[in-house]
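The residues making up each chain are set out below.
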Amino acid sequence: MTKQNKNIADSPILNVRNIKKYFPIKGGVFKRTIGHLKAVDDISLSINKGETLGIVGESGSGKSTLGRVILKLIDATEGSILYKDTNITSMKRNQFRPYRRNMQMVFQDPFGSLNSKMSVAELVEEPLLVQTSLSKKERQEKAIEFIEKVGLRAEDRLKYPHEFSGGQRQRISIARALITNPEFIVCDEPVSALDISIQAQVLNLMKDLQEELGLTYLFIAHDLSVVKHISDRVAVMYLGKIVEIAPTSTLFKEPAHPYTQALLASIPTLNKKKTDEPTVKLKGDIPSPANPPSGCAFRTRCPFAHERCEKETPVLATQGVQHEVACHLLDGQDDVPIATKSDPTLKKISKA
Amino acid sequence: MIQQDVLQVDNLKTYFHLEEGRTAKAVDDISFKISPGETVALVGESGSGKSISALSIMQLINKPGRIEGGKITLNGEEITNYNAKQMTKIRGNDIAMIFQEPMTALNPVFTIGNQITEIIRKHKKMNKQEAHQHAVDLLKLVGLSRAEEMMKEYPHQLSGGMRQRVMIAMAISCDPKLLIADEPTTALDVTIQAQILDLMKEMKERFEMALLLITHDVGVVSQYADRVMVMYGGQIVEESTVDVLLESPKHPYTQGLLASLPMVDKDVARLGTIKGTVPPAYDFPAGCRFSTRCPHVMEQCLSHNPSLSDIESEHKVRCHLYPSEVEE
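Taken in sequence, the protein lines are chains A and B. Its first residue numbered 1, the first sequence is counted upward by one per residue in my numbering. Its first residue numbered 353, the second sequence is counted upward by one per residue in my numbering.
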């Protein structure tokens, strides 16, 4: 398996400490700040070189905001971001420019992220123009190389984004992100707009490029099967917080947080039969991040919520090797039986 | 008495006449049947023609598109040549449709109550009060406990999952015999998707509807559908029961599609792929439409488009690898 063969160095390429991003909510006649939307609420994580860290969560969980904060596309409210031990959190635009070349992003929306007035060649070349001193000819050659690398034809370079399907546009975005030979890439739902057969091509391409160039990915997605396929470790986010983080195999085999368990149970798969016992399904919607529940944010949908969950916010605690979970059920302090053992409906997941 | 099919589609063709004289054969000669209470999935990637097929059945094709031929029979009655007025009666009443994006399917300037009662009063003889009560009951039925308040709310005040529940309530408001759901959960989160799919299943059983489920998600198909049709290039390339199709897919496209799926309960180092991309509908290759991407392409594939033929009972494939007994 490629996962074992991959050369993951132990030194973190990126270290995020207690990062917070609060968006002010304005209201009233004078548009005063009347509250905060805690999109990212105290998250710490580190990513090693050559590794893929997957971030999963539903809409409103703050996963995209986290990606943007890490790349300094929006400023963090609090906390620090270290790129190879250099604190980049408060760097100015000019100072940050050399780092930008190494830290790129592939966006979710292939329609909004490409300038419709530029041809494919211009779009793909543009980062080189800003970041390098290559000659025009060299830039063009490199652009063609990357256009072909992402599965488009060299003659497509003279076309404009509107002439392409959503899937092909996303390939252009990927070519654009890769052309400066970055080390670290934040991929925000890079394949969610693509058809299955194309999605597989792109995922394979991303894996190949990772091995070839030693890339490090922060891979944000809502699709757990995609995240599982590409990630070495996975973090599960819920309302701005990480509720569970573990190596991919551990997370999918022994999910410990009730939310992770429910998330895994919700995915329709080919092998789960219609006649199988009903799986845990969460009731209700995700609460608004502008007004999250007190204590554990998941308690309003959690089948095991009890008194303590309302009062006390659980913090990430070690559950196993590289496995951390934020849940009151798991620290043994409560008289509530552990989720996976008590509830018959949950048995299936714990066995799996 | 032999049970009558809810829907029968014969040789349906929907073409789009583009500029420069090009013709996009979005739906090209598809035929299928749906029995009462059955869930049939129509699977395919974007541009395969699955949504256009559904819109053609509803006769919601706009220029430059045109239904070029074929026959659509609903509950034994041919509706192909119905005029706009007759179709309005059928839509919502006999066939209801749920769309992918509930935000665009609902009108943002009218309240939820307004929009549901409008449909009810159009199709049923009810006064304002009765329609209101019926709407509240429906909203409760689809799991919206705040039904009374919600009647006065606007679509933007609801979450995506709630909007889709409203769409389902509207769809079942006139007891249709056929529900067409076009990617009903694609815009939703996975935990909400599970809720909505279960709700649709429950409603289908309760109201004895047949369901035509259009999706790209093979996982959804495996858990909710009885039969599945795979579309590629405006044509059905394989049709079978779900179990058979997933266990022994025969068409190279279906095989490629299943191999390219990442799965939560299976470890694969590398996903299978289908080379190339879907050809545009105005530029299909001569012969088999999959021939440009097929790993098993043969000489005859380049000149003759195979027909959809039975290879065993209830399993049809459009591929030269499986010669049918009756040669055309």
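Be a bit skeptical, because a hint or two may be false.
[As the list claims (entries may be wrong)] So these bits of chain A aren't anywhere near chain B, every CB distance computed over 10 Å:
# : residue
1 : GLU58
2 : ARG101
3 : HIS222
4 : SER225
5 : ALA265
6 : LEU330
7 : ASP331
[Claimed, not checked] In the DSSO-like style, the derived pairs of lysine-lysine whose C-alpha atoms are separated by at most 30 Å in a straight line are:
#  : chain 1 : residue 1 : chain 2 : residue 2
8  : B       : LYS415    : A       : LYS283
9  : B       : LYS415    : A       : LYS26
10 : A       : LYS159    : B       : LYS415
11 : B       : LYS415    : A       : LYS281
12 : A       : LYS117    : B       : LYS415
13 : A       : LYS20     : A       : LYS117
Note that these hints are calculated values from the structure, not bench results. Ideal Cβ placement from N, Cα and C applies to all residues, glycine included.
Structure-based check of all given hints:
no., hint, result
1, GLU58, "violated (4 Å)"
2, ARG101, "holds (30 Å)"
3, HIS222, "violated (6 Å)"
4, SER225, "violated (4 Å)"
5, ALA265, "violated (8 Å)"
6, LEU330, "holds (21 Å)"
7, ASP331, "holds (25 Å)"
8, B:LYS415 to A:LYS283, "violated (43 Å)"
9, B:LYS415 to A:LYS26, "violated (45 Å)"
10, A:LYS159 to B:LYS415, "holds (26 Å)"
11, B:LYS415 to A:LYS281, "violated (43 Å)"
12, A:LYS117 to B:LYS415, "holds (28 Å)"
13, A:LYS20 to A:LYS117, "violated (36 Å)"
Consistency with the previously given hints fails for numbers 1, 3, 4, 5, 8, 9, 11, 13, ordered from lowest to highest.
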